[in-house]
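Participant: Taken in sequence, the protein lines are chains L and C. When the letters of the first sequence are read in order and numbered with the UniProt record's numbering, they come out as residues 1 to 380. When the letters of the second sequence are read in order and numbered with the UniProt record's numbering, they come out as residues 1 to 380.
Bear in mind the hints are in silico, worked out from the structure with no lab data behind them. Careful, some of the hints might be misleading.
Copies of the same chain are indistinguishable here, so a pair counts whether it falls within one copy or spans any two.
To be verified - Quick list of in silico lysine-lysine cross-link-like pairs, DSS-like style, CA-CA up to 25 Å:
#, residue 1, residue 2
1, K69, K290
2, K238, K329
3, K322, K106
4, K340, K161
5, K250, K26
6, K290, K250
7, K83, K134
8, K207, K83
9, K104, K329
10, K290, K222
11, K250, K238
12, K102, K238
13, K250, K69
There are 2 protein chains.
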Amino acid sequence: MVSSYFRNLLLKLGLPEERLEVLEGKGALAEDEFEGIRYVRFRDSARNFRRGTVVFETGEAVLGFPHIKRVVQLENGIRRVFKNKPFYVEEKVDGYNVRVVKVKDKILAITRGGFVCPFTTERIEDFVNFDFFKDYPNLVLVGEMAGPESPYLVEGPPYVKEDIEFFLFDIQEKGTGRSLPAEERYRLAEEYGIPQVERFGLYDSSKVGELKELIEWLSEEKREGIVMKSPDMRRIAKYVTPYANINDIKIGSHIFFDLPHGYFMGRIKRLAFYLAENHVRGEEFENYAKALGTALLRPFVESIHEVANGGEVDETFTVRVKNITTAHKMVTHFERLGVKIHIEDIEDLGNGYWRITFKRVYPDATREIRELWNGLAFVD
Amino acid sequence: MVSSYFRNLLLKLGLPEERLEVLEGKGALAEDEFEGIRYVRFRDSARNFRRGTVVFETGEAVLGFPHIKRVVQLENGIRRVFKNKPFYVEEKVDGYNVRVVKVKDKILAITRGGFVCPFTTERIEDFVNFDFFKDYPNLVLVGEMAGPESPYLVEGPPYVKEDIEFFLFDIQEKGTGRSLPAEERYRLAEEYGIPQVERFGLYDSSKVGELKELIEWLSEEKREGIVMKSPDMRRIAKYVTPYANINDIKIGSHIFFDLPHGYFMGRIKRLAFYLAENHVRGEEFENYAKALGTALLRPFVESIHEVANGGEVDETFTVRVKNITTAHKMVTHFERLGVKIHIEDIEDLGNGYWRITFKRVYPDATREIRELWNGLAFVD
Chain L
1 MVSSYFRNLL LKLGLPEERL EVLEGKGALA EDEFEGIRYV RFRDSARNFR
51 RGTVVFETGE AVLGFPHIKR VVQLENGIRR VFKNKPFYVE EKVDGYNVRV
101 VKVKDKILAI TRGGFVCPFT TERIEDFVNF DFFKDYPNLV LVGEMAGPES
151 PYLVEGPPYV KEDIEFFLFD IQEKGTGRSL PAEERYRLAE EYGIPQVERF
201 GLYDSSKVGE LKELIEWLSE EKREGIVMKS PDMRRIAKYV TPYANINDIK
251 IGSHIFFDLP HGYFMGRIKR LAFYLAENHV RGEEFENYAK ALGTALLRPF
301 VESIHEVANG GEVDETFTVR VKNITTAHKM VTHFERLGVK IHIEDIEDLG
351 NGYWRITFKR VYPDATREIR ELWNGLAFVD
Chain C
1 MVSSYFRNLL LKLGLPEERL EVLEGKGALA EDEFEGIRYV RFRDSARNFR
51 RGTVVFETGE AVLGFPHIKR VVQLENGIRR VFKNKPFYVE EKVDGYNVRV
101 VKVKDKILAI TRGGFVCPFT TERIEDFVNF DFFKDYPNLV LVGEMAGPES
151 PYLVEGPPYV KEDIEFFLFD IQEKGTGRSL PAEERYRLAE EYGIPQVERF
201 GLYDSSKVGE LKELIEWLSE EKREGIVMKS PDMRRIAKYV TPYANINDIK
251 IGSHIFFDLP HGYFMGRIKR LAFYLAENHV RGEEFENYAK ALGTALLRPF
301 VESIHEVANG GEVDETFTVR VKNITTAHKM VTHFERLGVK IHIEDIEDLG
351 NGYWRITFKR VYPDATREIR ELWNGLAFVD
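Whenever a hint applies, use it, and build me the whole structure from the sequences.
Facilitator: Here it is as structure tokens:
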């Protein structure tokens, strides 16, 4: 339910009354608060208010970050999306999406689902020069938080050796969600020293060969892929490396029953199109096949053994925070997401940071394995 | 819609009127005819009338064949299903399920979905001694039709070198669907010379080691698995070999987009439990991983290349019939199933049989691959 204050605000921002009532009816609007700042989170899309949109009590709206379209055949995908026009190529960083925004003198970091994340909000000042928001209070910095010490992902890009980092890849306007042109973003990021995703420059459909070499190199480097963007940011498409497809499967197979089938099948599909497009054959094909089979089976079999021996399916995360209270806020945050975690260890790093180790438990995946292991007979 | 004749018949057989109307409302009752014999087919379950049940104009009902429960952990599955009681072990033959029944002096073969199959009905006399039905008109022979020349499956068991064969694995009563005790079925099949699935004898939970050796041997022989049955046929469970799990994936990967994700994921799950239960490791584990990866990728990549080169995703089937009209009836039968086939070749074998070669086309899988190959950008 939404208070009358926010009802009036949303109506003033152009959300039709009937639409508002439908959203309320299905619980798609959630009112929330972070350190005294109230906001409404959109759990569904309505008009230009995309899922993940946040409207603050100030009337400022941060639109949900749009899903970027994927191509699985690079050469034809480029022709179809960009025709013969040039596009910038940037690294697709393996992390979690955050929108960083200034509201009422506070800098907040919002996750994809529209939550103000207490962990990211605490840490964002380590990565972003806040002067930017003095000069551009109406802009939203969109980036990927990535690294081995992330609260949401068990792995990060290979070049982040510890902790976590921020990589800017978009700057949008509050309210409209319009992206700045790529060059303007590059310039602003440099001016304020905001770390960006790696940029590989301008390409066009005549340079598909070079782009394929880039993909191969990224794959060898164990990196996730690329995002291609027209300079005006109107056309965007992503493509992931075969490494990332297999590695995602490896990570997912550990919690096999906690993921939808499409998680695995989508990545197998992308890998098959990579092999087909690049005419991979012989020993190289066999290596991919073996890597895929191993990724599907090994962590899954290990989880079965874990449960068979009385254990459970879980994942261990480590993060660094400045205040222990942030760790406790994170627990509360995860509980609201319906995720079961418990803190295993809190260690004073002596440099103003605490290292928090916590476990995420997968009760459904554990129960499913336990039942099957115990000999459940079932109809499928 | 069902005629008043069948309405009255179904009511007389005990289907409550409200239930009948619900079934009709969702189109779950289909009235049909085969060579002058009218019948109603249940596309959904209602009371004891399981999905696939057929009620003939004579009032005789052939109940839908029940789904046999599966275990993926053999040792615990046996303990749980059979406790310490003995059970018969029979081969699970890789074919399609048919119920053979006598109605009005005709012997008809009914597929799982409740269709009288024109192909199987024509050929069933080659395998089953019809004297059985003179003596037992009230019984239904349930068996697997299996071999390389099947209209429904691209492969068959390795020991059927050509054509197709019938393998009895159950005898049920008309009307009740009750199974005869296993020994009685064995005896009747021997008496009438009806071919049966291979039987491996009586086992119990103390003989799990031997059963595991049997599974391994069957897997090496490229056979599908086992069905375990209490002598009174009240408790039944199936278990498939790792070979069959991987081989099914190989066959399915060719038509990747035409199968639900669960088809693949279920088989990966079974394979993982096999590897976990049997502590498969080292080189043997790697061989399974590679076989799985290859099964998922190779036929799929081949289909992508086929479509990329202007072709389509299809499968070629060959069957032997006595009358060419049977081939045409089959085409009609497939059309009613919503399946697109076309006959490629008809060859006179000179021994009273014709060999029909037909192609099944997968338009959805073809279209999906074509769109992705052509560079479709999509949100997933």
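Participant: Indicate, hint by hint, whether the structure satisfies it.
Facilitator: Against the structure, the hints come out as follows:
| no. | hint | verdict |
| --- | --- | --- |
| 1 | K69 <-> K290 | neither (29 Å within a copy, 31 Å between copies) |
| 2 | K238 <-> K329 | neither (34 Å within a copy, 49 Å between copies) |
| 3 | K322 <-> K106 | within (17 Å within a copy, 83 Å between copies) |
| 4 | K340 <-> K161 | neither (27 Å within a copy, 55 Å between copies) |
| 5 | K250 <-> K26 | neither (36 Å within a copy, 43 Å between copies) |
| 6 | K290 <-> K250 | both (12 Å within a copy, 14 Å between copies) |
| 7 | K83 <-> K134 | neither (39 Å within a copy, 73 Å between copies) |
| 8 | K207 <-> K83 | within (12 Å within a copy, 67 Å between copies) |
| 9 | K104 <-> K329 | within (21 Å within a copy, 76 Å between copies) |
| 10 | K290 <-> K222 | both (17 Å within a copy, 21 Å between copies) |
| 11 | K250 <-> K238 | within (21 Å within a copy, 29 Å between copies) |
| 12 | K102 <-> K238 | neither (29 Å within a copy, 61 Å between copies) |
| 13 | K250 <-> K69 | within (24 Å within a copy, 30 Å between copies) |
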